[in-house]
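Residue numbers (our numbering), protein chains in the order written: chain L, 89 to 281; chain G, 478 to 576; chain Z, 2 to 107.
It is worth saying that the hints were derived from the structure and are not from the lab. Where hints are given, some of them may not hold.
What the hints assert, rightly or not - Here are the in silico distance ranges between beta carbons for each label pair:
#1 L:ALA109 to G:ARG501: 34 to 42 Å
#2 G:ALA539 to L:GLY258: 48 to 56 Å
#3 L:ALA178 to Z:PRO26: 24 to 32 Å
#4 L:PRO253 to Z:PRO20: 32 to 40 Å
#5 Z:GLY102 to L:PRO253: 52 to 60 Å
To be verified - SDA-like cross-link-like pairs, simulated, lysine to any residue; straight-line CA separation at most 20 Å:
#6 G:LYS494 to G:ALA575
#7 Z:LYS40 to L:GLU96
#8 Z:LYS92 to L:SER111
#9 Z:LYS40 to L:GLU161
#10 Z:LYS92 to G:LYS494
#11 Z:LYS40 to L:GLU121
#12 Z:LYS40 to L:GLN118
#13 Z:LYS40 to L:HIS203
Because the structure is a prediction, the values reported are computed rather than measured. Where is the CB? At the ideal position from N, CA and C, for every residue including glycine.
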Amino acid sequence: MAHAPSPESVALLERFTAALAASGLVTEDQIAEQIARTDRADPRIGAAMVARAWTDADYHALMLRDGSQAAEEMGVSMAGAPPLGVLADAPGLHHLVVCTLCSCYPRAVLGYPPHWYKSAAYRARAVRDPRGVLAEWGTTLPEGTQIRVVDSTADYRWMVLPTRPAGTEGWDAARLAGLVTRDVLVGTRLPTA
Amino acid sequence: MTSFAPQFPSGTRIRVKADYPETRGPCHIRTPHYLRGQEGVVERPLGAFRNPEDLAFARPAATIPLYHVRFDQQGLWNEGQPGDTVLVELYEHWLEPAA
Amino acid sequence: MPEDAPSPDPATHDIGGAPRFRCTPVEPDDEAPPDAFGKRVDALRQLLAQRGLMSVDELRRGVEAIPEAEYHSLGYYERWLRSISGLMVEKGVVQRDDLLGKDLQP
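Build out the structure end to end from the sequences listed, making use of the hints.
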C-alpha cells in the first residue's frame with residue numbers, strides 16, 4: 089500500500105523548498121503551475137490516440153513509426169519529454185509494460201503512474217510471471233497468445249496499442265476511446281466491447 | 478568515441494555482457510541484472526542516446542546506439558510458457574555478438 | 002569473471018524477477034494517485050530539470066544510492082525527495098545545513 093510520507097520527509101520537503109526559494113530558483117507560483125500542468129496529462133490522451141489509430145490507417149502507421157509525433161498530433165506537447173514508443177498487439181501477441189529498475193511510464197500521455205505500477209511486486213513479477221500478474225486483473229488472453237513483456241529500461245516510454253475488440257464495427261473514435269483505460273494502455277487488461 | 482551508426486542490424490543474435498559494474502563502486506547502469514550473460518535477438522535499433530552511465534554523474538556523455546532486444550522467457554527463468562518473450566532497451570556497449 | 006562463477010547479488014533497485022517478491026500479490030485496485038507531498042516533489046524534480054540542474058539519470062542514481070532497508074520502507078516520492086535534495090547539496094545549490102532542522106544543529 090501507498091503510505092503517507094513520514095514527518096521527517098515532510099520536514100525535509102519544507103526545508104528543501106525554502107532553501108530553493110531563498111536562492112531564487114523556485115517559487116511557490118512556479119510549483120503550483122508545474123503541478124497544474126502535470127495534472128493535465130491523463131490516460132484519456134492515450135485512449136484517444138488508440139481510438140484514432142483504430143479508425144485511421146495513416147495515423148496507425150504514424151503511431152508505430154513515431155509515437156511522439158502521434159502524440160503531438162493530438163495536441164500534446166512532447167518538448168522535453170522522453171520519446172514515446174508504441175507497441176502494437178496483434179492476433180497471437182500481447183504486450184505488457186513494466187519498468188523493473190525504477191518506474192518509467194509514458195506520463196505525457198497517461199499521467200501519473202498508479203501505485204501498483206511502482207510497487208516492488210509488479211516490478212519484480214511482471215517480467216518473470218506475466219501470466220500470474222495478469223490473473224490478478226482477471227485478464228485471460230485468447231488461447232495461443234504469446235506475451236511480450238516490455239521492460240522499460242532506458243530512453244523510451246512505452247504504450248500498448250491493443251487490437252480493436254470484436255463487436256465495435258461502425259463505432260466512431262469517441263465511442264471506441266471509452267473502451268481504452270489506463271490499464272489497457274499498460275497491457276494489464278484487454279479492451280472489451 | 479561517438480558512434481551513432483548501430484553495429485547490430487535487426488535479427489542479429491547477441492549476448493549481453495556478463496559484467497557487474499555494481500561490484501566495483503558507485504555506478505548507474507540500465508542493463509538489468511537478470512539479463513547479464515543472456516542471449517537474445519535484436520528486434521530493431523532504436524536510435525542513439527547519450528550514455529546514462531555518465532549522465533548520472535553529470536560527466537560528458539557519448540551518444541551511443543540503443544537497441545530493442547528480445548529474449549525468450551524460458552531461457553531467462555527456466556520457467557514460463559514457450560513463445561513468451563521479454564523486450565528490453567539495451568545500449569550497444571553492453572552487447573556482443575553471440576558465439 | 003569466469004563463466005562458472007556465481008553472479009553477484011543484484012543492486013537494491015534491480016528487482017526484475019527477484020524471488021523475494023514472488024508471492025507478493027500485485028494490487029490492481031491500489032491506484033493511490035500522488036498526494037500533495039508527491040505532487041510537490043514531482044514538480045520540484047521537473048523544475049530543477051528544466052533549469053538544467055538535474056537529469057533523470059542523476060535522479061535515478063540518487064534513488065539507487067538509498068540503502069536497501071530504507072529503499073523499501075520509503076514511499077516512492079520520498080525516495081525522489083532524498084535523491085533530488087541530496088543532488089542539490091552535492092552540486093552546492095543548497096547547503097546541507099539548510100536541510101537539517103535548526104533543532105538538530107549544534
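So, going through the hints one by one against the coordinates:
1. L:ALA109 to G:ARG501: 34 to 42 Å: Once the Cβ atoms are compared, 40 Å apart, the range 34 to 42 Å for G:ARG501 and L:ALA109 holds.
2. G:ALA539 to L:GLY258: 48 to 56 Å: Because 52 Å falls inside the window, the suggested range holds.
3. L:ALA178 to Z:PRO26: 24 to 32 Å: 30 Å, holds
4. L:PRO253 to Z:PRO20: 32 to 40 Å: 36 Å Cβ-Cβ, so the 32 to 40 Å window holds.
5. Z:GLY102 to L:PRO253: 52 to 60 Å: 56 Å, holds
6. G:LYS494 to G:ALA575: Holds: G:LYS494 and G:ALA575 sit about 10 Å apart, inside 20 Å.
7. Z:LYS40 to L:GLU96: Given that 20 Å is the threshold and the Cα spacing comes to 17 Å, the pair holds.
8. Z:LYS92 to L:SER111: Roughly 13 Å between the alpha carbons, so the hint for Z:LYS92 and L:SER111 holds.
9. Z:LYS40 to L:GLU161: Given pair Z:LYS40, L:GLU161 is violated - Cα atoms ~27 Å apart, limit 20 Å.
10. Z:LYS92 to G:LYS494: Judged against 20 Å, a Cα distance of about 33 Å means the pair is violated.
11. Z:LYS40 to L:GLU121: 11 Å, holds
12. Z:LYS40 to L:GLN118: 13 Å, holds
13. Z:LYS40 to L:HIS203: Roughly 14 Å between the alpha carbons, so the hint for Z:LYS40 and L:HIS203 holds.
Hint violations for this structure: numbers 9 and 10, all remaining hints satisfied.
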